[in-house]
Amino acid sequence: MTRTPLRPLARILNARAKGQNPDVIEKENIRLRHEDMQAKARQRAEGRLLVLGIFFVCAYVAVVGRMGVLATSEPSEPIASAVGSAIAAQRADIVDRQGRILATNFETHSLYAQPRQMIDPEAAATRLAEIFPDLDRDELLEDFTGKRKFLWIKKKISPEQKQAVHDIGDPGLLFGPREMRLYPNGSVAAHVLGGAGFGKEGVSAAEVIGVAGVEKEFDDYLRDPANGDRPLQLSLDLTVQAAAERVLDGGMKLMNAKGATSILMDVHTGEVISVVSLPDFDPNERPRPPTSGFDPSVSPLFNRAVQGVYELGSTFKIFTAAQAIDLGLVAANTVIDIRGPLRWGKFSIRDFHNYGNALTVSEIIEKSSNIGTARLAQQIGADRQRAFLEDLGMLEPTPVEIVEARGGQPLLPKNWSELSAMTISYGHGISTTPMHLAAGYAAIANGGYHINPTVLKQNGPQHGERVMSAEAADAARQMLRRVVTEGTASFARVPGYQVGGKTGTADKPKPRGGYYEDKVIATFASIFPSSNPRYVLVVTLDEPSVIAYGEERRTAGWTATPVAAEMVKRIAPLLGLRPQVEPPQLTDITLTSN
Amino acid sequence: MKSLLYAVTALAVFGLAFWAYRENYATQQVLKETRALQREIGAAQVRLGVLKAEWAYLNRPDRLIGLAELNFDTLGLLPLRPDQFGRVDEVAYPRPPELEITEGVDVSGLNAAAGGEGQP
Chain B
1 MTRTPLRPLA RILNARAKGQ NPDVIEKENI RLRHEDMQAK ARQRAEGRLL
51 VLGIFFVCAY VAVVGRMGVL ATSEPSEPIA SAVGSAIAAQ RADIVDRQGR
101 ILATNFETHS LYAQPRQMID PEAAATRLAE IFPDLDRDEL LEDFTGKRKF
151 LWIKKKISPE QKQAVHDIGD PGLLFGPREM RLYPNGSVAA HVLGGAGFGK
201 EGVSAAEVIG VAGVEKEFDD YLRDPANGDR PLQLSLDLTV QAAAERVLDG
251 GMKLMNAKGA TSILMDVHTG EVISVVSLPD FDPNERPRPP TSGFDPSVSP
301 LFNRAVQGVY ELGSTFKIFT AAQAIDLGLV AANTVIDIRG PLRWGKFSIR
351 DFHNYGNALT VSEIIEKSSN IGTARLAQQI GADRQRAFLE DLGMLEPTPV
401 EIVEARGGQP LLPKNWSELS AMTISYGHGI STTPMHLAAG YAAIANGGYH
451 INPTVLKQNG PQHGERVMSA EAADAARQML RRVVTEGTAS FARVPGYQVG
501 GKTGTADKPK PRGGYYEDKV IATFASIFPS SNPRYVLVVT LDEPSVIAYG
551 EERRTAGWTA TPVAAEMVKR IAPLLGLRPQ VEPPQLTDIT LTSN
Chain A
1 MKSLLYAVTA LAVFGLAFWA YRENYATQQV LKETRALQRE IGAAQVRLGV
51 LKAEWAYLNR PDRLIGLAEL NFDTLGLLPL RPDQFGRVDE VAYPRPPELE
101 ITEGVDVSGL NAAAGGEGQP
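Protein chains in written order, with my numbering: chain B, 1 to 594; chain A, 1 to 120.
These are calculated hints, taken from the structure and not from any lab test.
Please note that the accuracy of each hint is not assured.
[To be verified] What the simulated footprint calls covered on chain A by chain B, stretch by stretch (three residues with Cβ under 8 Å from a Cβ of chain B suffice, anywhere in the stretch; the number is not a length):
1. 1-15
2. 56-66
3. 72-83
[Claimed, not checked] Quick list of simulated restraints, FRET-style, between CB atoms:
4. A:A26 to B:Q163: 23 to 31 Å
5. A:R81 to B:P413: 53 to 61 Å
6. B:T126 to A:A26: 52 to 60 Å
7. B:A123 to A:R63: 34 to 42 Å
Here a beta-carbon is modelled for each residue, glycine too, at the ideal position from N, C-alpha and C.
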C-alpha cells in the first residue's frame, strides 16, 4: 500500500512560492485520508453486520424449524438407555405361603366388530352364533346392519374360538389383546382372593382391577408396574386350604347345614393358614352380587368368616373365665353357686340341663353353665368386661386384609348394662365374626398376647400387647382341654393332637326380632395341641341338624365338633405336626406369683 | 507455528466429528439390539407365565384328588394320616451286601487238626 505523504514537498514548495499557507494542504490531505479510512471501516462493519445477521437468521431458522418439528411430530422419550421395567408391567401374581400360584395373568383376546367394514353380516352373524352358543343370531344381525360403528361381541375368547372366528374371514370382525386374571385352583380360597374385572377398556388393552378380597385390598400394590415380578405372598397354604374345604364341605352336607365356615390360624404369628366359607364360588366366573331384597348371606359371595356377624354363644364363656382368673377374682377350682334360674328384672338365665347347686369355675366351662358364667360376669362388672373384650379386638372390625372384613362390624349392646354383661359372658347380646373369635382364642393359646389376624405371610411371632396374664391364659387353656376330655366336646378327641376347645350353640335371630326355635349357629372353637398350642381352629355351621341316637340334635357338641375333629385329623399331618403323647398334668406343682 | 495449530485443530475437529458419528451409530445399534433382546425376554416371560399358569392348573387340588381316585387301584393314594409319622430310628439300615464266595476252599477243623499232628 502506498502511503500518500501529508505534506508533499512539491506542492508545499509551490504553495510557499505563491505565498499560500502550506498547512491547508496538509489539512486537506488529512481530511482525505480520514475519509478513506472511514469508508473502509464502514465497509468492514457492514460486512460484519451481514455475517452476524446471517448467523442470527440461521439460528432463528434452526430454532423455529426444531419447534415446528417438535410441534408436528409424536412425542417420545429420548432414549439414553434401555430400561427393563417395561417387560413385566402386568398385574403381579398372588402366591400361597409356599409360593404356589393362586392368581396369575393370562393373555387372551377380545372380539369386537366394526359393522361398516363387514362384507357379509348375515353369514358372520350365523357363524358367530354357531361358535358362541350364548349369542343370538338375530340380535347380532340387527347390530351388524344397524347404525352402530363399533360393538363388543365377547370380552374374553379362547385361542380355539379365536381361530374359529378367524376362519369366518370377515374383515369387520377384529381382535384386541386382553390380559385376563386366572385363578388356576378354581374355587379354592375364592373368598380370600375375591376376583378381578376389567376397568377402562380400549381396543388394544384393558385395565384389570380387583373387585373383591385381597385383589381389591392390594389393588394398588398389584397394579404397580414396579411390583410386576414381586408376587403378593399370602399366609394361606394351598394344600391345607383344599383339604379344609373338602372336609368342611363333607361335614356341612352330613350335618344338613346350609352354610359353614372354618378358620385355621397360627396363634403366634396371626397368619390365617386356611379360611373357608361355604357355599363358595369360582372367582374365574365371579357371580353377580345379589340384588337387594333378601338376606345377603344366601349369596355364595358372602364371606361368613369375616362378614358373618353372629352371636357365637358359649364359646365366649372362656373369655369370662379367663378374665375372672386374670383379675384374681377366682381360681380354676373356686366353687360358684349355680342355682337357677338366675333372675334379673324380667329376664331369667337358665342352663341347658340342671347341673346341681355348685360347680367349680373349671366345671362351669366343661359343662357350659350359663348361670355360672353370668355369676362370674357379675363379679367382673360391665366396664371391665367391655375393656377386656376391646383389648381382644372384639369391638372393632378385624384388621384382616380382605376388603369384606371391614363390613364385619360387631353388634354390641347400646347400653352395656350389668344384664348385658351377664348375657355377653355366655356369648349372647354380642355378635362377632368367627375371625374375631379365632383372634380371641389365639390370645389364650399364645399365653395372653393380643393377635391381629392377617392373610399375609409373616416372619416370626407378631405378639401384640398383653391382654391377660400368662397364668390366666394357662388356666384357660387347661379348661379348654378339659372341655374335650370331660365335658361337652367329647367328639373332639383326636389321638395325639390334644385338642382343647369350647362348643357354642346360639339360636339364630329372626330378621324382625326374637329368635328361631329350631335354627342355630353351632360353633366349635379349638386350640391344638393344647400342651403347647400352635393353631386355632374355629368351625361354624349354619343351621345344622342331625339325627343321632333317635333324636334330632343341633348342639355344637353333636354337629360342629365332629367336623372340627375330622379337620384336625386331616390337617395337622399336613402342617407337619407329629402326634404326641399328652404330657401328664403336674398337679403338685402350682404356678405362683408374688 | 500458528498454521500448524490451525491444522491440528482442524484435524482434531474432523477426528472428533468422526468419532461422534461412529459412537452415535454404535449406540443406536446397541439400543436396537437391546430392544430386540427385551422383546425376546418379554415373549419368554409371557411364555413362562403361561407355562406356570398351566402347571398350576394341572396341579390344582381338585384335579389331583380326581386323579388319585381314578388311579386308586394302582397307586392306592389316601390322605396323610397322623399315624404315618415315623421316627428316624424306625427306618431300617440297608442290608450289607453279601460276600460273594468264589473258588471256595473247604476247611475243616478236624482235617486241620489231623494234618497238624502229622507235622513235626
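Do the hints match the structure? See the list:
1. 1-15: Answer violated; 0 residues pass the 8 Å Cβ test.
2. 56-66: Answer holds; 7 residues pass the 8 Å Cβ test.
3. 72-83: The restraint on the region 72-83 of chain A holds, since 5 of its residues have a Cβ under 8 Å from chain B and three suffice.
4. A:A26 to B:Q163: 23 to 31 Å: Check failed, 44 Å falls outside 23 to 31 Å.
5. A:R81 to B:P413: 53 to 61 Å: violated (46 Å)
6. B:T126 to A:A26: 52 to 60 Å: For A26 of chain A against T126 of chain B, whose Cβ atoms are near 58 Å apart, the range 52 to 60 Å holds.
7. B:A123 to A:R63: 34 to 42 Å: holds (39 Å)
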